[in-house]
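Colleague: The lines below spell out each chain.
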Amino acid sequence: MKKSILGITMAIIVFMLVLTACGGSQPSSGGTSSKGNDSGKQAGQSGGDSAQSGGTVKIGALGDLSGKSALSGKFKKMGIDLALEEINAAGGILGKKLEVVFQDTQGTQQGAVGAFQKLVSDKDIVAVIGSIRSTNVQATDSFAKKAGIPVAIGGTNVGLTTKLGDKWYFRFRPHDGYAAKSIAEFSAKKLGYKKIAIIYDSDAFGSGGKDLLLQNYKEMGIEPVAVESYNTGNKDFTPFLQKFADKGAEAVNTYMTNSEDAGQMVNQIHEKGFKYQLIGSPSLAQEVTLKISGDNLNGVYSVNDFAADQSDATIAFVKKFKAKYNETPDVYTAWVYDALHVFAKVINEKKSTKPDDIRDGILAIKNYDGAEGNYTFDANGDGLHSYSIVKVEGGKIVTVH
Amino acid sequence: METTFQLLVNGLAMGSIYSLIALGFVLVYVAVNVVNFAQGDFIMVGAFICLSLYSNGIPIWFALIASVLIMGIFGFLYQIGVYRPFRSRSKSFLPVMISTLGASMFFQSLFLVIYGPDPRSLPPLIGGDPIQLGGLPLPRQSLVIIVFALLLFGFQFFLFEKTNLGKKMQATAQDPETARLMGINVAWMNGLTFVYCTALGGIAGILLAPLFTLTTTIGSIFGLKAFAAAIVGGFSDAKGAIVGGLFIGVIESFSAYFGMGAYMDASAFIVLVLFLIFRPSGLFGEKIGTKA
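Sequences listed follow chains A and B, in order.
1 is the number of the first residue of the first sequence in UniProt numbering; add one for each residue after it.
1 is the number of the first residue of the second sequence in UniProt numbering; add one for each residue after it.
No wet-lab data here; the hints were simulated from the structure.
In this text, all values refer to a predicted model and were calculated from it rather than measured experimentally.
We put the beta carbon where it would ideally sit given N, CA and C, even for glycine.
Treat the hints with care, as some may be off.
[To be verified] Here's a subset of chain B near chain A, in silico, CB distances under 10 Å, partners left out:
1) S142
2) I146
3) Y257
[Unchecked claim] A short list of chain A residues far from chain B (calculated; beta carbon distances all over 10 Å):
4) S66
5) D236
6) N348
[What the hints assert, rightly or not] What follows is a list of derived Cβ distance ranges for each label pair:
7) E393/A <-> P280/B: 48 to 58 Å
8) I58/B <-> T376/A: 55 to 65 Å
9) M220/A <-> F278/B: 43 to 53 Å
10) L77/B <-> Q117/A: 53 to 63 Å
11) L274/B <-> A204/A: 26 to 36 Å
Working from the sequences, and respecting the hints, build out all of it.
Modeller: Next up, the structure:
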């Protein structure tokens, strides 16, 4: 009797284990490259007057004004509208009014591809502001190549500009490789730590980041004292923390996918009284970690690609944004605001809307102070090359570098 | 030396949590012949109740005591709703087991609706930097967990070996028919077993919540490890559950340190498999297959 009870119990346990494994855990914040989607519900037009193409210059934009990412789409549209207003107030483009044509992606990849095709089939559209999602950027690649007009992108997967070989893609956010570079340089050069340990999530994001970190440290001639991996959703970090202490680590770099895990680890570091400095990927300093760790989080550093106080240009942008919308802009807004301004600037300087002229103009941009960062485009079409460093002080996330 | 000490303290603290949950598994199993799948979820329920009380301004120690009492009542209602309706349904144990499995899923979904997916945290019972003991730092919450567990183990021993009530519960577990003939109210004794085990789970949850982020699924992984601990201990008595839990906790702590990082969770189950192969009776139990 009891034999079969335990037998069946075991079977159910195995079944539950499988279920749990399949359920997996979704990365929450700060995780991987491309967070939101773009949006654009009504295939409507915003700004500008009616579509008399003689009187306007048209730029297209993908947006997710409907679907599951409608909020990020709303922020994207607000960023674009603000830039549009400023450009037209300053005299427009080539003496004409600038007009932005939105196409809705409905928050899906198929929707993004469809919307993108619609935009580039309009011969009056001279450039497009694309998606912040790496998968969407990848999906629209062949259409962008075919259309042959400049596309601003916000996905941060490294390969989007280096591997696709799409000469029409221009990235207005720093890619993931720079996050690792910023973490390594800040830890070793700015803070001067020599004994550095690394803890990373065993998933694609974490192990990819770990490889980039190791590569950066190798170039600096630094050998991390310990490199440890854990599984997403791990509960007990103590053995790793103890190992770091034993190896004499002064600083620990984190490449953690979930902010939940990061917060938990910070609490355990505090509880066990370990003293090393934490410098990590964006998941480390987020609202979620602040919620979990509270004061324990004070003093940690983390990289971040948009913080409201990161530069004078950003502060000015945030001020204007707040005045217009009475909301605080986020990562979805700044890069599109910059992209539209850059397109307008280049077209005005080149006095041409020919794709090749715009491309040359963008590639020639050096030290352009935008809301998202300071742009200098390289041959791959990457405009930004570093992340800001933020620090948690008194329960607030502030930019320090 | 310091490392060994730290890993040991950490392992014992984790193991204490496993032990408390494993105790719940074993006592219910021995008493009513059912593996209660919701045992792991009791830690989640207990911790969330404590969190609710605490965030409404009740001091943490009072919140702890109140939550344990509430958990006791919860356990009583649990056995009325989940165990009793199926108790006498045919001779099969399966309906009850499925019922507990359903309850586990129900609790997880219910608490997800109430508290949302954001992870929460409880404050430590005694905050502050680690206590220094002859140059060795002792993390306070780990210490609190271990001390609490020791007290509860002591209470367990006292209750079952020294009091009339405990003896009645034991007698009921060993032979319900004879116990009934001796005038023991078997239904009440079984109910009390559930109350006791639910409260144990609740305490475990409140003890670990300051160290681990509290989500509605936290019960699953702790429940599974505690189940492994119960098997390693023999699945037959309290002593086995306690030692099994501590054993699994310490093994995990050391295996993660010595290079098994990403396989830390797996180590508990590797131990389980080794035990099932080489010592199926567990550390203390009778051979699982032949148990009467």
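Colleague: For every hint, state whether the structure bears it out.
Modeller: Structure-based check of each hint:
Interface restraint check: S142/B against chain A, minimum CB-CB distance 8 Å, threshold 10 Å, status holds. Look at I146/B: its Cβ only gets to about 14 Å from chain A, farther than 10 Å, so that hint breaks. Checking Y257/B against chain A by beta carbon gives a least distance of about 4 Å; that is within 10 Å, so the hint holds. Distance check on S66/A: its Cβ is at least 23 Å (rounded) from any Cβ of chain B, clearing the 10 Å threshold; non-interface status holds.
Against the 10 Å criterion, D236/A falls within the reach of chain B, whose nearest CB is about 6 Å from its own CB. Separation of N348/A from chain B is adequate, the least Cβ-Cβ distance of about 47 Å exceeding the 10 Å criterion. About 56 Å separates the C-beta atoms of E393/A and P280/B, a value consistent with the hinted range of 48 to 58 Å. For I58/B and T376/A, the hinted distance range of 55 to 65 Å is satisfied, since their beta carbons lie about 57 Å from each other.
The given range of 43 to 53 Å is respected by M220/A and F278/B, whose C-beta atoms sit roughly 49 Å from each other. Hint check: L77/B to Q117/A, Cβ distance near 59 Å, so the stated range 53 to 63 Å holds. A hinted range of 26 to 36 Å holds for the C-beta pair L274/B and A204/A, which are about 32 Å apart.
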